[in-house]
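Peer 1: Position one of the sequence shown corresponds to residue 396 (our numbering), numbered consecutively onward.
The set of hints was computed from the structure by calculation and includes no laboratory data. Among the hints, erroneous ones may be present.
As the list claims (entries may be wrong) - Capping the alpha-carbon separation at 16 Å, the derived lysine to aspartate or glutamate pairs in EDC-like fashion look like this: (1) K476 <-> D486; (2) K398 <-> D549; (3) K397 <-> D549.
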Amino acid sequence: MKKASNLVEKISQILDQIAAFCIALTMAVVVFNIVLRAAFKMPLLGTIEYVNILTAISIGLALAYCAFQDGQIAIGFLVDKLPAKLRDSIDALTNLTSLLFWSISAWYMVGYAYSSAANGEISATTGIPMYPMVYLVALGLMALSAVLFFKIADAAGIKIG
Numbered sequence: 396m397k398k399a400s401n402l403v404e405k406i407s408q409i410l411d412q413i414a415a416f417c418i419a420l421t422m423a424v425v426v427f428n429i430v431l432r433a434a435f436k437m438p439l440l441g442t443i444e445y446v447n448i449l450t451a452i453s454i455g456l457a458l459a460y461c462a463f464q465d466g467q468i469a470i471g472f473l474v475d476k477l478p479a480k481l482r483d484s485i486d487a488l489t490n491l492t493s494l495l496f497w498s499i500s501a502w503y504m505v506g507y508a509y510s511s512a513a514n515g516e517i518s519a520t521t522g523i524p525m526y527p528m529v530y531l532v533a534l535g536l537m538a539l540s541a542v543l544f545f546k547i548a549d550a551a552g553i554k555i556g
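Work out the full structure: start from the sequences and follow the hints.
Peer 2: Below is the structure:
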């Protein structure tokens with residue numbers, strides 16, 4: 396299980412680095428738009444779409460590594476005073492619920508991306524095909540699901556691989 400868990404961690408880190416690049420690119424797009432608007436009275440068309448797309452990709456790809464590091468907001472402060480066995484049960488239930496939700500979300504995102512590609516959907520202003528971005532977000536959700544799966548397996552003492 397350790398090899399598989401390490402692989403999931405490495406993939407999560409790579410996706411997180413891509414997300415960080417998207418955030419930097421978002422800042423560059425905004426600054427470029429401001430400079431064009433101020434210096435040449437000519438804004439970058441589609442700035443809002445570029446920022447929205449990059450932000451969605453950033454969030455989708457960063458979720459897995461955040462979960463791997465336990466960086467998400469948890470209900471721990473509510474259950475800290477409960478007995479350890481009950482805390483572990485609540486944690487397992489929370490992770491299982493999250494795994495189910497994010498797995499189903501990833502599945503539907505893949506279906507939506509496929510549908511968008513089949514229908515030729517593009518963004519309104521820039522005309523960018525949207526399905527590659529939706530596939531990227533789905534990839535991030537799949538990675539998050541894998542992280543949650545390994546957290547549950549580890550907590551239950553299940554040996555994988």
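Peer 1: Confirm or reject each hint.
Peer 2: To see whether the hints hold, each was checked on the structure:
1. K476 <-> D486: Holds, at roughly 14 Å.
2. K398 <-> D549: holds, 13 Å
3. K397 <-> D549: Holds. K397 to D549 sits at ~10 Å (cutoff 16 Å).
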